[in-house]
Amino acid sequence: LGKWLDTNVTTDWPSGLGPVMYAINTSVARTINQTPFQVVFGQQPRTDDYTWKCIEAHLKNKEQDEENYIMLEEDLPADIFDMTQQADDIEGSPIDQS
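Here this note's numbering is used: the first residue of the sequence shown is 5, the next is one more, and so on.
Heads up, a few of these hints could be off.
[Stated by the list, open to error] So the derived label-pair ranges between C-beta atoms look like this:
1) ALA82 to THR35: 35 to 45 Å
2) LYS57 to ASP10: 12 to 22 Å
3) ARG34 to ASP86: 31 to 41 Å
Keep in mind that the hints were calculated from the coordinates and are not lab data.
Each residue gets a CB set at the ideal place from its N, CA and C atoms; glycine is no exception.
Let the sequences and hints guide you as you build the complete structure.
Below, the structure written as structure tokens:
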């Protein structure tokens, strides 16, 4: 988290929790040659960090307007909802980690 804060030149550590946790959970552990996510769920995530960044950006843009807070998957903006649907269509297909 400290490195993320330095890289992004910020002290807003809560905004770094998502990207840092995603990076940790999708990085291969050398001893077991798998990611923590893969150990727990048996597959790689079907969406990448970009999806979460889009959701975060949408929330920041709508921060002042409580009606636009994302509460349900169906309340997501169309482009983000489409990304989640595409990921669901590829069920079980891991993200290319190369």
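Each hint tested on the structure:
no., hint, verdict
1, ALA82 to THR35: 35 to 45 Å, "holds, 43 Å"
2, LYS57 to ASP10: 12 to 22 Å, "holds, 19 Å"
3, ARG34 to ASP86: 31 to 41 Å, "holds, 36 Å"
Consistency note: the structure conflicts with none of the earlier hints.
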